[in-house]
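Protein chains: 2
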Amino acid sequence: MSLLKTVICVLWAVCVGQTAGSQNGPNIIIMLMDDMGWGDLGVFGEPSKETPNLDLMTAQGMLFPNFYTANPLCSPSRAALLTGRLPVRNGFYTTNAHARNAYTPQEIVGGISQDEILLPELLKKKDYVSKIIGKWHLGHRTQYLPLKHGFDEWLGSPNCHFGPYNNSVRPNIPVYNNSEMTGRYYEEFEINVKTGESNLTQIYLKEGLDFISQQAMAQRPFFLYWAPDATHAPVYASERFLGKSQRGRYGDAVMELDDSIGQILAHLVSLGIQNNTLVFFTSDNGAAVMSGPHQSGSNGPFLCGKETTFEGGMREPAIAWWPGRIPAGTVSYQLGSVMDLFSTSLSVAGVLPPDDRVIDGLDLSPVLFNNSLLDRPIFYYRGNQMMAVRIGQYKAHYWTWSNSWEEFNMGINFCPGQEVPGVTTHTPEEHTMQPLIFHLGHDPGERYPISVQSKEYRDVHRQVTAVVEKHLKDLIPGMPQLNMCDLAVMNWSPPGCERLGKCLKPPQSNPWKCDWPH
Amino acid sequence: MSLLKTVICVLWAVCVGQTAGSQNGPNIIIMLMDDMGWGDLGVFGEPSKETPNLDLMTAQGMLFPNFYTANPLCSPSRAALLTGRLPVRNGFYTTNAHARNAYTPQEIVGGISQDEILLPELLKKKDYVSKIIGKWHLGHRTQYLPLKHGFDEWLGSPNCHFGPYNNSVRPNIPVYNNSEMTGRYYEEFEINVKTGESNLTQIYLKEGLDFISQQAMAQRPFFLYWAPDATHAPVYASERFLGKSQRGRYGDAVMELDDSIGQILAHLVSLGIQNNTLVFFTSDNGAAVMSGPHQSGSNGPFLCGKETTFEGGMREPAIAWWPGRIPAGTVSYQLGSVMDLFSTSLSVAGVLPPDDRVIDGLDLSPVLFNNSLLDRPIFYYRGNQMMAVRIGQYKAHYWTWSNSWEEFNMGINFCPGQEVPGVTTHTPEEHTMQPLIFHLGHDPGERYPISVQSKEYRDVHRQVTAVVEKHLKDLIPGMPQLNMCDLAVMNWSPPGCERLGKCLKPPQSNPWKCDWPH
Chain X
1 MSLLKTVICV LWAVCVGQTA GSQNGPNIII MLMDDMGWGD LGVFGEPSKE TPNLDLMTAQ
61 GMLFPNFYTA NPLCSPSRAA LLTGRLPVRN GFYTTNAHAR NAYTPQEIVG GISQDEILLP
121 ELLKKKDYVS KIIGKWHLGH RTQYLPLKHG FDEWLGSPNC HFGPYNNSVR PNIPVYNNSE
181 MTGRYYEEFE INVKTGESNL TQIYLKEGLD FISQQAMAQR PFFLYWAPDA THAPVYASER
241 FLGKSQRGRY GDAVMELDDS IGQILAHLVS LGIQNNTLVF FTSDNGAAVM SGPHQSGSNG
301 PFLCGKETTF EGGMREPAIA WWPGRIPAGT VSYQLGSVMD LFSTSLSVAG VLPPDDRVID
361 GLDLSPVLFN NSLLDRPIFY YRGNQMMAVR IGQYKAHYWT WSNSWEEFNM GINFCPGQEV
421 PGVTTHTPEE HTMQPLIFHL GHDPGERYPI SVQSKEYRDV HRQVTAVVEK HLKDLIPGMP
481 QLNMCDLAVM NWSPPGCERL GKCLKPPQSN PWKCDWPH
Chain F
1 MSLLKTVICV LWAVCVGQTA GSQNGPNIII MLMDDMGWGD LGVFGEPSKE TPNLDLMTAQ
61 GMLFPNFYTA NPLCSPSRAA LLTGRLPVRN GFYTTNAHAR NAYTPQEIVG GISQDEILLP
121 ELLKKKDYVS KIIGKWHLGH RTQYLPLKHG FDEWLGSPNC HFGPYNNSVR PNIPVYNNSE
181 MTGRYYEEFE INVKTGESNL TQIYLKEGLD FISQQAMAQR PFFLYWAPDA THAPVYASER
241 FLGKSQRGRY GDAVMELDDS IGQILAHLVS LGIQNNTLVF FTSDNGAAVM SGPHQSGSNG
301 PFLCGKETTF EGGMREPAIA WWPGRIPAGT VSYQLGSVMD LFSTSLSVAG VLPPDDRVID
361 GLDLSPVLFN NSLLDRPIFY YRGNQMMAVR IGQYKAHYWT WSNSWEEFNM GINFCPGQEV
421 PGVTTHTPEE HTMQPLIFHL GHDPGERYPI SVQSKEYRDV HRQVTAVVEK HLKDLIPGMP
481 QLNMCDLAVM NWSPPGCERL GKCLKPPQSN PWKCDWPH
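Quick mapping for you: the protein sequence lines, in order, are chains X and F.
Last residue of the first sequence: 518 (UniProt numbering), numbering continuous.
Last residue of the second sequence: 518 (UniProt numbering), numbering continuous.
Any given hint might turn out to be false.
Lysine-lysine pairs mimicking PhoX-like chemistry, simulated, CA-CA at most 25 Å apart [to be verified]:
| id | chain 1 | residue 1 | chain 2 | residue 2 |
| --- | --- | --- | --- | --- |
| 1 | F | 49 | X | 49 |
| 2 | X | 244 | X | 206 |
| 3 | X | 244 | F | 455 |
| 4 | X | 194 | X | 125 |
| 5 | F | 194 | X | 455 |
| 6 | F | 148 | F | 125 |
| 7 | X | 49 | X | 244 |
| 8 | F | 455 | F | 470 |
| 9 | X | 194 | F | 455 |
| 10 | X | 505 | X | 470 |
| 11 | F | 148 | F | 124 |
| 12 | F | 148 | X | 455 |
| 13 | X | 470 | X | 455 |
| 14 | X | 126 | X | 148 |
| 15 | F | 148 | F | 126 |
No lab work stands behind these hints: they were computed from the structure.
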């Protein structure tokens with residue numbers, strides 16, 4: 001750097017901002033919440049209006065009321081985001097039974113296939129430094145971990161933060177620092193299930209701010225995948241936020257995440273790199289309404305929640321933010337998907353997507369920068385079954401299912417307080433010959449199927465049939481990765497356990513076909 | 001006006017704004033929507049986000065997520081707004097049966113009592129000119145009309161715009177211009193029930209803009225009660241808006257009202273009187289969800305709708321706007337009521353409320369100007385029965401009822417798609433000894449009654465019991481005005497019908513006790 005330039009750049013932040021802007025691809029931050037519902041944001045009508053930072057992010061960016069996950073459950077949703085492909089293609093599903101939600105508990109044998117190409121692997125072509133902070137959920141065995149799949153750094157955990165466990169029966173979930181464990185939940189990383197107190201969001205916030213500072217200082221383009229899990233049961237918040245929300249503990253967690261997001265955006269501004277950073281906020285699936293009012297968020301006016309292919313299960317809060325590039329205070333009616341974050345990130349980074357496989361994600365650049373509208377369907381999958389499809393305002397259900405009578409009669413309710421006869425069915429109901437069709441503009445709550453006698457029904461049915469036939473004809477399912485379970489593969493002895501003296505002895509291998517009840 | 005002053009005031013608008021601001025009480029505009037639900041505004045999470053003007057009004061004003069009507073039905077709600085008193089006090093209820101919603105169809109004999117003092121009567125003390133535009137609904141017989149109760153001007157109708165009727169059996173509803181009819185719905189004032197086209201909102205908009213201009217020109221303080229009815233079934237919109245919404249005809253009506261509200265606010269600004277005008281937007285009751293997706297709005301995440309005392313029936317969208325006085329972009333968690341508009345309007349106008357009767361409205365000035373929080377309960381009435389009460393975040397149901405099995409089995413559903421066992425009951429269920437208690441922050445959808453075994457329940461029950469006992473002990477119900485019906489009192493020959501040649505011959509008087517089925 002010349003003396004003159006050094007002198008001019010007395011304001012380091014300005015300097016970084018300018019050079020980063022002129023030389024590198026834009027930074028990319030994907031903020032993925034865990035089980036947060038569409039209705040949990042003030043801007044999406046949560047009555048307590050306790051997300052001022054997300055509401056401000058919206059006012060400064062673009063809101064997507066029609067944004068979807070690729071699966072109503074965490075692992076497949078996250079695999080889809082990072083591969084740009086439907087779980088039925090990338091293998092994050094099961095064939096053990098029909099239409100079952102499968103994920104990656106620690107007894108799962110599988111994980112993300114070596115054949116899949118993840119977003120951070122591709123971003124390497126443009127010298128991006130990639131970090132994941134928080135929940136991975138694409139497999140916890142060594143070959144499946146983030147640093148084997150393109151990420152340069154990681155602080156977080158491979159599985160959900162369930163526990164505490166008795167380590168002799170079931171190991172507590174490890175927390176990794178890059179490729180080695182640095183402790184376990186409920187041991188080095190406290191979560192007080194009784195009080196709901198944990199500092200994890202603060203840890204993840206600090207880690208994010210530090211990473212951003214470091215890359216800005218080094219003038220390297222970065223990809224930050226910020227995936228905190230405070231809104232997933234058992235929900236938690238740090239002391240400063242506990243008891244502060246009108247909504248209880250779940251709301252405390254939302255408030256802390258909202259505050260953290262505000263700090264991250266402010267940090268970008270303070271570093272002067274906000275005009276060179278795309279930030280996208282969304283969630284992995286609908287609110288887990290089966291968990292009751294203390295451990296679950298809100299899906300606003302939508303039907304049911306997590307685990308289901310009704311709107312409450314798959315429509316997600318979504319905000320894009322890039323000052324100077326994305327017009328402030330705009331609403332896009334684009335049908336979007338978490339898989340689009342793969343394609344859009346590649347596009348803004350100037351990297352071509354793989355041409356040897358089907359990519360389901362769309363490049364949303366024309367939407368973000370020109371508020372264009374791109375024609376595309378949304379497919380709603382549950383395991384190996386395409387349950388529903390949306391084209392335009394219309395959604396056609398080919399299969400309906402909430403959860404089984406057995407579960408329901410035990411008090412497990414995927415649609416508490418809601419019941420639409422013939423729609424929220426407790427047995428898997430096939431409607432392939434005559435799908436249930438809803439107009440989501442007129443009827444966002446999926447309460448009024450359009451009469452099969454109407455011209456509207458026949459017209460939509462014809463259009464949707466063509467879309468579905470094309471989709472299914474071209475579909476080559478990937479090898480299912482979520483079929484086998486084995487207690488021996490649990491997190492007994494993760495890499496780095498020796499150094500910490502935290503290795504546990506696994507039992508004999510005794511694999512079985514995982515039981516996915518819903 | 002001196003020559004000098006005339007010269008200075010080359011900009012008439014600026015001139016008006018300054019003098020109006022310095023000499024008179026502030027102008028007051030109450031915008032009362034008809035059957036619009038809490039969830040119908042973008043800012044309250046309507047997924048189509050089609051209310052840019054109301055959302056902007058929110059950004060420039062104060063949002064009230066906890067604002068209530070005094071009754072889940074139009075007439076009692078409107079009587080409460082204008083008297084500052086619960087319907088059970090001001091007589092807008094029935095004793096024909098228990099807990100029945102009663103209103104003012106054109107066969108009603110009664111109306112607003114001569115003993116009640118309405119807001120515009122009181123504002124006369126400070127020389128306010130008062131106009132109602134739109135729906136009155138406080139009785140259609142001559143002695144009950146607006147110009148007999150303090151309003152100086154009126155364009156609108158005394159009843160709902162149902163029809164068209166065969167005038168030999170049932171007269172079409174008249175539209176008044178001040179104290180005389182100027183035509184009838186479906187005759188001079190077209191509403192095409194088939195296409196949904198009507199220019200009424202445009203007529204009401206123009207009338208509002210003209211009234212504002214005239215008063216500003218004359219430098220008189222004014223009270224405008226703007227009460228359009230486009231979102232009440234049969235919903236309508238003018239040609240420019242028909243088919244424009246993603247939500248169908250109901251959404252078209254909302255878009256036109258939103259556009260009109262934007263024009264009214266812009267008009268205040270263009271006249272330079274925005275800093276001297278309090279504007280309050282709200283609705284008369286929850287969305288009429290029993291009317292299905294084409295004629296009904298949304299109550300967002302709340303339970304049931306119009307006619308019920310669940311949150312969907314009584315929580316209303318509410319925005320206060322007064323640039324320079326009410327801080328922009330604020331949210332107030334105050335428990336508010338339409339009755340507060342009476343007390344608050346008097347307060348800002350500098351008029352004392354009547355001291356010879358109970359006033360249920362609160363003066364919200366400290367809330368509007370300082371974002372204070374005032375402690376107060378909300379009572380949820382259905383006819384002569386206090387069904388529920390809210391204190392702080394807690395709501396206690398003393399009675400629950402959606403609608404009767406008879407109606408429900410005929411397909412009339414007050415809670416479509418929703419069912420909470422033991423809560424959305426189809427017979428009136430008394431819980432007086434052990435009310436159902438909900439925490440509306442944790443559980444805005446009223447799905448999870450708090451366990452009666454818990455300390456939380458006992459604590460809340462104690463507090464709520466004291467509030468209810470005090471309320472009922474002091475309550476002196478007014479003379480019920482909505483008990484008697486008679487075909488002879490219908491709008492056969494309203495004042496002014498002779499001039500128009502539109503008088504119809506009434507049948508013999510044959511009064512009966514009105515039947516209020518729910």
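*Which hint numbers does the structure go against, in order from smallest to largest?*
Numbers 4, 10 and 12 - these are the hints that the structure violates, sorted from lowest upward.
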